[in-house]
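Participant: Now for the letters of each chain:
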Amino acid sequence: MRRFWVILKKELKEMLTWVTLIPIILITVVYGLLGRVINSEQKKQSAPQPVAVVDYDKTATSKALTGILSGVNLKVTTYTDGEVDEIVRKVVAEKGSAVLVIPQGFEAGIGAQKPQKVQTYTIMRSFSLLGMTSSIKLDAALNAMNQYVGDQYIKAGAPGLDPAIVRNAITAQSFVTVGGRSAEGNPQEIVGVVMQQTMIIPIVLTLVIIMAAQMIAASIAGEKENKTLETLLSTPVGRGSLVTAKMMASGIVALISAAAYMVGMKSYMGSLLGGSGGTSSASGQAIQQLGLVLDLRGYLLLGLSVFAGIMVALAIAVILGAFAENLSSVQVLITPLMMMVLLPYLITMFVDLNSTSPILKWFIYAIPFAHPFLAAQYIFARNFTAVIGGIVYQGALFFVFATIAARIFSTDRILTMKLNTARVGSSPGNWPILRLIGSLFKRHK
Amino acid sequence: MEQALVVENLKKSYGKFEALHGVSFEVASGEIFALIGPNGAGKTTILRIVSTILQPTSGNVVVYGMDVQKEAPRVREIISYLPEEAGAYKHLTGLGYLRFMAELFAADTATQQEYVRRASDITGLGDRLRDKIGTYSKGMTRKLLLSRAVMTHPKLAVIDEPTSGLDVVAAIDIRQSIRRTTSEGMAVLLSSHNMLEIEYLSDRVAIIDNGTIHDVGTPQGLKAKYGKANLEEVFVEVVRQ
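Chains as they are written, first to last, in my numbering: chain A, 1 to 445; chain B, 446 to 686.
Read the hints as simulated data drawn from the structure, not as lab findings.
Careful, some of the hints might be misleading.
Quick list of in silico lysine to any residue cross-link-like pairs, SDA-like style, CA-CA up to 25 Å [as the list claims (entries may be wrong)]:
1) A:K266 to A:G157
2) A:K224 to B:S458
3) A:K75 to A:G96
4) A:K227 to B:P599
5) A:K13 to B:L540
6) B:K535 to A:Q331
7) A:K9 to B:R575
8) B:K577 to A:L8
9) B:K600 to B:S458
10) B:K456 to B:S582
11) B:K515 to B:K535
12) A:K224 to B:T657
13) A:K114 to A:K75
14) A:K9 to B:D648
15) A:K266 to A:G303
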């Protein structure tokens with residue numbers, strides 16, 4: 001055990017250098033800053049936007065519509081004469097965001113029940129998502145204007161009838177049901193909040209798994225390349241201790257990075273998702289009632305699933321690292337593992353496994369890294385059997401890969417094996433991976 | 446005299462290629478035994494098997510009565526292996542590296558400190574031991590590694606090409622260090638294709654080529670037996686026969 005700690009200390013010293021730490025710090029700081037910048041931009045955008053109304057009609061209706069604009073969080077300046085181009089240039093110079101032109105004869109046209117046109121000029125200063133806010137607000141203003149005019153028609157056509165009833169004769173009282181529990185709330189809002197809670201997990205998990213795998217594979221390849229492995233293997237350190245210490249060091253460094261990334265990512269993602277509208281208190285209550293908040297059991301299961309995923313990745317990475325002859329070959333060898341991590345992440349983002357074809361579903365289930373991604377969803381859906389089943393499956397795979405890794409380190413394969421890129425026959429007996437597994441478990445004479 | 450190492454009918458194959466065809470020799474305690482032969486003769490394979498990092502296909506290798514396959518962890522406690530062109534962790538200082546290796550071999554701090562002190566004396570690197578290994582020359586690194594190999598008072602030191610790639614001055618330093626440390630009773634198994642070095646260092650020599658040992662004897666005995674002036678000529682003669 002003492003030698004395990006000596007190796008672990010050495011591995012941590014080797015991995016936690018400024019070369020490793022600077023990118024982690026930079027990413028955390030950059031994402032953190034990005035989150036703050038987006039937040040402050042959102043605040044700016046949520047302040048009343050300056051718009052100009054050119055009212056050539058100068059009637060009671062046009063004035064009423066101008067008043068409506070002030071009600072939808074727009075700071076309105078009204079012009080009643082002058083050239084439109086001239087006014088637009090002036091508004092641009094004064095950093096306004098839009099110009100709305102109400103033509104002469106507007107009220108008369110409305111009165112004659114003829115469709116009327118207004119002109120809108122959206123002033124684009126950037127082509128970012130946030131830059132579109134003024135145009136979205138202008139659309140909301142036009143909707144409010146249409147509603148006002150529509151209400152006037154209803155009042156004139158059917159005195160005594162409430163226009164609100166005509167517009168919304170049917171309203172829904174929405175309930176959401178999760179795992180047998182029902183609560184009143186808006187389904188879209190609830191999905192949004194759950195996504196906010198769980199979206200960071202796969203992103204960070206992907207980063208952690210890829211980082212940890214790269215670190216351990218690079219650590220083994222580095223020992224080979226720098227010719228330190230042979231010396232280490234001839235010392236009294238147990239091969240199991242050597243592999244475990246390397247795995248643990250990679251895991252610790254990966255978790256430190258994950259924590260740092262989470263801080264940065266939380267600020268970034270929070271600013272992105274927070275911009276799409278807050279959660280109503282009704283939805284907040286519904287989320288509580290539906291149990292869509294991770295409790296201690298939920299966190300425990302999720303943590304176990306994530307931990308098992310990392311351990312499987314590390315065991316596979318040890319095997320891949322043993323194939324590497326030098327550091328430059330690590331990236332190539334680790335690519336299949338990265339694909340295995342990214343594939344379930346990308347697929348589960350767009351595909352509902354409950355309704356997809358059984359082949360795709362079981363293909364995803366076969367990938368051990370799919371289970372941590374799915375765990376949070378299953379915990380929320382009270383499908384604990386699926387979560388525990390996933391953890392057991394990951395545990396079994398870890399056992400298999402860790403046994404292979406330990407066998408590689410305890411035989412001379414660690415020094416002699418490398419990726420055979422030479423042409424081999426098509427019979428399975430000629431496949432390098434099968435030959436490797438066969439030879440690992442062959443009894444030495 | 447107690448046998449430090451007994452190798453009997455050792456065979457090793459890499460796939461279909463047989464690197465060793467039944468090698469046998471013995472090394473006595475306190476003896477410097479050298480394997481000489483060209484590149485690819487099988488010297489490194491033998492050293493790696495003795496050092497427990499390769500497994501033989503067949504045959505027996507026994508270090509101080511312990512089988513290298515069945516009792517590998519115990520063998521590792523009493524041997525030390527210095528591979529050819531071995532490296533050290535470049536981010537560590539010379540002292541840091543020695544401390545790390547000392548911690549792997551000894552449990553108590555006093556013994557660890559004694560190992561580090563001994564290695565520091567043997568290296569002759571002085572204050573440079575406080576510098577990162579990444580800044581060392583090849584000769585300095587080799588001295589550091591050799592001192593690491595002998596600091597734990599191993600009963601058997603296995604050294605592959607002790608002076609490979611070193612300049613004359615560094616090579617002489619290394620040879621003198623090996624000679625000094627064996628005076629304390631440590632057995633040495635070394636390999637080299639530098640016959641002059643072997644003649645200077647070894648008590649006995651085995652001539653190996655193509656995975657077969659062709660003859661074993663003292664440098665003087667072999668020269669007398671084949672009527673040659675130096676080991677180089679003996680080697681050519683033996684291989685030709």
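Participant: Compare the structure with each hint and give your call.
Facilitator: Each hint tested on the structure:
1. Using a Cα cut-off of 25 Å, the hinted pair K266 of chain A and G157 of chain A is violated, with the two alpha carbons roughly 54 Å apart.
2. For the hint pairing K224 of chain A with S458 of chain B, the CA-to-CA distance comes to about 21 Å; that is within 25 Å, so the pair holds.
3. Restraint check for K75 of chain A and G96 of chain A: satisfied, since their Cα atoms lie roughly 9 Å apart, inside the 25 Å limit.
4. This hinted pair checks out: K227 of chain A and P599 of chain B have alpha carbons roughly 21 Å apart, not beyond 25 Å.
5. Under the criterion of a C-alpha separation no larger than 25 Å, the hint pairing K13 of chain A with L540 of chain B is consistent with the structure, at around 15 Å.
6. A C-alpha spacing of about 22 Å is found between K535 of chain B and Q331 of chain A, which places the hinted pair at or below 25 Å, so the restraint holds.
7. This hinted pair checks out: K9 of chain A and R575 of chain B have alpha carbons roughly 19 Å apart, not beyond 25 Å.
8. Our distance criterion of 25 Å between C-alpha atoms is met by K577 of chain B and L8 of chain A, whose separation comes to about 20 Å.
9. Note on K600 of chain B and S458 of chain B: the hinted pairing is violated, with a Cα-Cα distance of about 28 Å set against a maximum of 25 Å.
10. Taken as a hint, the K456 of chain B and S582 of chain B pair is broken in the structure, with Cα atoms around 37 Å apart against an allowance of 25 Å.
11. At most 25 Å may separate the alpha-carbon atoms for a hinted pair to count; K515 of chain B and K535 of chain B exceed this at roughly 34 Å.
12. Taking the CA atoms of K224 of chain A and T657 of chain B, the gap is near 28 Å; set against the 25 Å cutoff, the hint is violated.
13. The straight-line distance between the Cα atoms of K114 of chain A and K75 of chain A is roughly 29 Å, outside the 25 Å bound, and the hint therefore fails.
14. Pair hint K9 of chain A plus D648 of chain B does not hold up; C-alpha atoms about 41 Å apart against a cutoff of 25 Å.
15. Simply put, K266 of chain A and G303 of chain A have alpha-carbon atoms about 18 Å apart, close enough for the 25 Å limit, and the pair holds.
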